[in-house]
Amino acid sequence: MHDIEFFTYTSARSWGLRVDGTDLRVLAADAVRPWWRREDSHDERTPEDTEDFLFHQYAGMTERHLGDPVRHFLGAALPEARDRRTGATAVLGCPCGIWECWPLLTRITADGGTVAWSGFRQPHRPAWGDLAIGPFVFPRAAYENALAHPVHLAEDPLTELPPPAPRTGA
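Start counting the sequence shown at 1; every next residue gets the next number (the working numbering).
Bear in mind the hints are in silico, worked out from the structure with no lab data behind them.
Computed from a prediction, not measured in an experiment: that's the story for all the values here.
Any given hint could be a false lead.
Listed next, with one range per pair, are the computed distances between beta-carbon atoms [as the list claims (entries may be wrong)]:
| no. | residue 1 | residue 2 | range |
| --- | --- | --- | --- |
| 1 | ALA12 | ALA132 | 25 to 31 Å |
| 2 | GLY112 | VAL151 | 34 to 40 Å |
| 3 | HIS152 | ASP52 | 21 to 27 Å |
| 4 | THR22 | PRO126 | 41 to 47 Å |
| 5 | ALA142 | ASP68 | 17 to 23 Å |
Glycine residues also receive a C-beta, built at the ideal position from the N, C-alpha and C atoms.
Kindly produce the complete structure, drawing on both the sequences and the hints.
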């Protein structure tokens, strides 16, 4: 079983989360890094700029987009915050403020004892398929407690980037 922490940040009250202590945006950056390297193989970005881009390609979603955060994160998101084809739920959005521009989707399934997240996808890159994130299974009681009591932070906690991942052949 995994641990989850929900948090809100800034005056916009964007919702973010950590799985086992790691910001989901870090997990997403690690999962898509090889895909971006293939797509940007001739890009003139510096390695530092690329890392900054990877870690800031997603942002939390505001309550305006989530509707009821409890329902949203228990898999009963508003229809506009789900993929119509797969039923997957947006858990992160684009930092431009239009979450649909670049969402991170996952299937959220809840039963009496657990909440599971699986099949993370970037819908604007179907060739990437399911990303190498998760699956995660959370004890439902702890999940609901974390969801009911998000920590509020004055600023985005992802200000210092983790050290760059080693470059592997792609």
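query: Using the C-beta atoms of HIS152 and ASP52, is the stated range 21 to 27 Å upheld?
result: holds, 25 Å
- request: Just tell me: holds or violated, for the beta carbon distance of ALA12 and ALA132 against 25 to 31 Å?
  value: Holds, at about 30 Å.
message: Quick check on a hinted range of 41 to 47 Å for THR22 and PRO126, using CB atoms only.
response: violated, 26 Å
query: Measuring from beta carbon to beta carbon, are GLY112 and VAL151 in 34 to 40 Å?
result: Roughly 27 Å apart at Cβ, these two residues miss the hinted range, so it is violated.
query: Holds or violated: 17 to 23 Å for the Cβ distance of ALA142 and ASP68?
result: Given a distance of about 20 Å, which is inside 17 to 23 Å, the answer is holds.
Of the numbered hints listed earlier, those contradicted by the structure are 2 and 4.
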